[in-house]
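Chemist: Chain by chain, the residues run as shown.
Number of protein chains: 2
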Amino acid sequence: MARRSDHTREELKILIIEESWNIIEKHGFEGLTARRIAKNIGYAPGTIYNLFSSMDDLYLQLNSKTLDLLLAILSSPKCNDPKKTPIKNMKAMAHRYMEFAKEHRPYWLMLFNLKVTENRTDAGWYHEKVDQLFTPLEKLLEPYFTSKQGKKRKIAARVLWASVHGLCFLQETGKITIVSEQDTAPDMAGYLIDTFISGIKNNH
Amino acid sequence: MARRSDHTREELKILIIEESWNIIEKHGFEGLTARRIAKNIGYAPGTIYNLFSSMDDLYLQLNSKTLDLLLAILSSPKCNDPKKTPIKNMKAMAHRYMEFAKEHRPYWLMLFNLKVTENRTDAGWYHEKVDQLFTPLEKLLEPYFTSKQGKKRKIAARVLWASVHGLCFLQETGKITIVSEQDTAPDMAGYLIDTFISGIKNNH
DNA sequence: ATTGAAATTGAACAATGTTCATAAACATTG
DNA sequence: CAATGTTTATGAACATTGTTCAATTTCAAT
Numbered sequence: 001m002a003r004r005s006d007h008t009r010e011e012l013k014i015l016i017i018e019e020s021w022n023i024i025e026k027h028g029f030e031g032l033t034a035r036r037i038a039k040n041i042g043y044a045p046g047t048i049y050n051l052f053s054s055m056d057d058l059y060l061q062l063n064s065k066t067l068d069l070l071l072a073i074l075s076s077p078k079c080n081d082p083k084k085t086p087i088k089n090m091k092a093m094a095h096r097y098m099e100f101a102k103e104h105r106p107y108w109l110m111l112f113n114l115k116v117t118e119n120r121t122d123a124g125w126y127h128e129k130v131d132q133l134f135t136p137l138e139k140l141l142e143p144y145f146t147s148k149q150g151k152k153r154k155i156a157a158r159v160l161w162a163s164v165h166g167l168c169f170l171q172e173t174g175k176i177t178i179v180s181e182q183d184t185a186p187d188m189a190g191y192l193i194d195t196f197i198s199g200i201k202n203n204h
Numbered sequence: 001m002a003r004r005s006d007h008t009r010e011e012l013k014i015l016i017i018e019e020s021w022n023i024i025e026k027h028g029f030e031g032l033t034a035r036r037i038a039k040n041i042g043y044a045p046g047t048i049y050n051l052f053s054s055m056d057d058l059y060l061q062l063n064s065k066t067l068d069l070l071l072a073i074l075s076s077p078k079c080n081d082p083k084k085t086p087i088k089n090m091k092a093m094a095h096r097y098m099e100f101a102k103e104h105r106p107y108w109l110m111l112f113n114l115k116v117t118e119n120r121t122d123a124g125w126y127h128e129k130v131d132q133l134f135t136p137l138e139k140l141l142e143p144y145f146t147s148k149q150g151k152k153r154k155i156a157a158r159v160l161w162a163s164v165h166g167l168c169f170l171q172e173t174g175k176i177t178i179v180s181e182q183d184t185a186p187d188m189a190g191y192l193i194d195t196f197i198s199g200i201k202n203n204h
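These protein sequence lines map, in sequence, to chains G and B. When you line the first sequence up against this note's numbering, it's residues 1 to 204, in that order. When you line the second sequence up against this note's numbering, it's residues 1 to 204, in that order.
Keep in mind that the hints are not guaranteed to be accurate.
Since the list can't tell identical chains apart, any single copy or any two copies may satisfy a pair.
Unchecked claim - Below, a list of computed lysine-lysine pairs in the DSS-like style, where the Cα atoms sit at most 25 Å apart:
hint : residue 1 : residue 2
1    : Lys115    : Lys26
2    : Lys154    : Lys175
3    : Lys139    : Lys152
4    : Lys65     : Lys115
5    : Lys84     : Lys154
6    : Lys139    : Lys88
7    : Lys65     : Lys102
8    : Lys13     : Lys148
9    : Lys129    : Lys175
10   : Lys175    : Lys151
11   : Lys152    : Lys201
12   : Lys78     : Lys65
13   : Lys129    : Lys115
14   : Lys83     : Lys115
15   : Lys102    : Lys88
Just so you know, the hints here were simulated from the structure itself, not pulled from any lab data.
Construct the entire structure; sequences and hints are all you get.
Modeler: Dropping the structure here:
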């Protein structure tokens, strides 16, 4: 039996989340089970339920971690370089998003897992976190809108972002037949951004 | 014990699919279990495995049915009206897609279910079916491209479609914070289409 | 009638999330 | 230090799941 003083409640919570993270990396989301986590950290399955109300609750915490990672990437200087044009930054942003989805596929896919999604209990902080993801793109869109068009800009950011995500999603789940080998998903995202921004300029 | 001559193999297959369809409508995807299907049609659980290699196989067949429905909707005269402008038709198409996602949510969500997606065995006919979904939009895009720009048009169709889908997905899974009550997802799709098409015109 | 193939069965298996009485570990008190 | 109370860990137990497969039943052919 694990000593009660081995870890504080908070330490144990982190321990479980981190071990889950590793399991997912090795065995994918399907490989993540309460029993496996418990075994790996030297506790009994029941212990997990002392710290998380359910597996879904744990999934939510894991998603939170993923969102943190994503926000860090989208906020990084590489796609917010003042020396580059906004369009170039946007393309870099899209590129890095797709890169993230590819490299951290299981974590990224979890974000859109049905069960996790329908967890609308304490959706407050979670939704705010998702909302935060739009801000880097919103900033890049500033040059194309007047200061009075804040709402329009917000909408544009969300629409463009949803588009990039849609492209990434269909690509990553193999639902899209890429027309030719040369037209990779990032290229298509580039095309999308060029066209969309060109359209925005046109409408002024 | 159910008589062997009650149904032919093919009849039974259809029976299972239709009963599954009803179960999903009533109890969602989560409510769909081998035992429940069997019980409802008066057979034993094992029988299902005589006709489908696994539950995932059955899911694939169900998705196929959903894709048929979707194609029918996207091909319908309501969004392919020669009297209307292409843009209006596109907006109608996006609108109907989103409507479909809302009304047939469980079926629509199943299309993007991980497990079902990773079934890459007989992905041939399935992928072709998905590919078919793009053709209505491709046709609507004809006026904006020369006959030599067939490939460009294909790409545009996929990009635009992915965008609409992304919008729909984030909206339907509650991942997007709509800026205000007035800006519904269909409105945002309209904005997307207007801007995107405007951008296409610009680039010629 | 007999034989043989084909279809149906349902008990059995392994694995899952989850619960909860029990026991252990610690903190507090007298 | 002993006794008591509280918190935490446990792991067996429960209900479900997909899935398998030897046994049984059904039916056509002989």
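Chemist: Would you pick out the hints that fail for this structure and give their numbers low to high?
Modeler: 8, 14
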